[in-house]
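Enquirer: First residue of the sequence shown: 1, per UniProt numbering; consecutive thereafter.
Bear in mind the hints are in silico, worked out from the structure with no lab data behind them.
Warning: the hint list may mix true and false statements.
[Stated by the list, open to error] Beta-carbon label-pair distances, calculated as ranges:
1. Val64 with Leu182: 27 to 35 Å
2. Val289 with Gly154: 29 to 37 Å
3. Met4 with Ala266: 48 to 56 Å
4. Leu156 with Met4: 22 to 30 Å
5. Ala209 with Ala122: 25 to 33 Å
6. Arg152 with Ala198: 37 to 45 Å
7. Val289 with Ala7: 17 to 25 Å
8. Gly88 with Ala118: 48 to 56 Å
9. Leu80 with Leu240: 37 to 45 Å
Please read these numbers as outputs of a predicted model, since none were measured by experiment.
We treat Cβ as the ideally placed atom computed from N, Cα and C, and that holds for glycine.
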Amino acid sequence: MSAMDGALNIAIRFVLYAAAMLLAGLPLFALYALRREERGAPWFVVPFTRVLAGAAWLGLIASVAALAVMTRAMSGSDDLDANLDVLGALLGGTAFGSAWFARVLACLGACCLARRLARRPAMATFAAAAAAGLVVLGSLAWGGHAVMDDGRRGVLHLMADLVHLAAAAIWLGALGGFAIQLAAGGVTHIETLVRTLAQFATVGSAAVAALIATGMVNTVMVVGWPLVGFPDSSYGRVLLVKLVLFCAMLGLAALNRYRLAPGLEARLRSGDSSGAMASLRGSLLLELVCAMVLLLAVAVLGVQEPR
1 MSAMDGALNI
11 AIRFVLYAAA
21 MLLAGLPLFA
31 LYALRREERG
41 APWFVVPFTR
51 VLAGAAWLGL
61 IASVAALAVM
71 TRAMSGSDDL
81 DANLDVLGAL
91 LGGTAFGSAW
101 FARVLACLGA
111 CCLARRLARR
121 PAMATFAAAA
131 AAGLVVLGSL
141 AWGGHAVMDD
151 GRRGVLHLMA
161 DLVHLAAAAI
171 WLGALGGFAI
181 QLAAGGVTHI
191 ETLVRTLAQF
201 ATVGSAAVAA
211 LIATGMVNTV
221 MVVGWPLVGF
231 PDSSYGRVLL
241 VKLVLFCAML
251 GLAALNRYRL
261 APGLEARLRS
271 GDSSGAMASL
281 RGSLLLELVC
291 AMVLLLAVAV
301 LGVQEPR
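Could you put the whole structure together from the sequences, leaning on the hints where they help?
Expert: What follows is the structure in structure tokens.
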């Protein structure tokens, strides 16, 4: 694979991961963090459905692009017949092909559900959107390193990947939900933001625990044991960057929950919340930037040899 093809593959994987995280995580956030009247309020449901539809279309386009790149890489040729033969083999007789079809159908389903939510934001439709997003998210596991293993080891690796993806989506989806509340502005929406930040503490703690546990399993599965010497490889160095970004996000999340959000709540009672609001907005934005860079690192890891 040429450098250009490699860069294109990384870009496609980044878009796929970002879209899938939002498709799964944002509806889940709406279900566990928001009250019924908040989920149906225009200030939330309008940007929510736009983000959901946009992520679904991006996921669909990136899926088609990923299939084209993989087909060309496997055929090693620009010949149409050779590429069609490889395409048929990929889609017709592999787990990757089945996962690809499931992802495409789920993206289309999410588009339809976004339109339905714009008209009638029912809880069941939010749940269906979350289910479609989880299918999109789960399908990505069949395009990663987990498929290299067979037997019980392969099942364990795949399960760890699926849980890791779901936990990451919960975190990123919450950041998306917080961003929508920040954009809405107004005292009522700020109060909702403070409450949902507190509610996310329990869910977020469980997600972090799952990320740490499954991250350790995945690292041992991919890199091997003991881990001595793995930073000497390019894969290991990118993995270390990912770990640093994860720790930075963890620190920012703790800052938001235990200092900035309570500070904002106190300022709201005193009637002067502009400074506290700016601090929380900046911290959440920085956390979101770290998340995007972390997803880019994940995309890079997906195209590199572990050793």
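Enquirer: Compare the structure with each hint and give your call.
Expert: Consistency of the hints with the structure:
no. : hint                           : result
1   : Val64 with Leu182: 27 to 35 Å  : 33 Å, holds
2   : Val289 with Gly154: 29 to 37 Å : 35 Å, holds
3   : Met4 with Ala266: 48 to 56 Å   : 53 Å, holds
4   : Leu156 with Met4: 22 to 30 Å   : 36 Å, violated
5   : Ala209 with Ala122: 25 to 33 Å : 32 Å, holds
6   : Arg152 with Ala198: 37 to 45 Å : 41 Å, holds
7   : Val289 with Ala7: 17 to 25 Å   : 21 Å, holds
8   : Gly88 with Ala118: 48 to 56 Å  : 38 Å, violated
9   : Leu80 with Leu240: 37 to 45 Å  : 43 Å, holds
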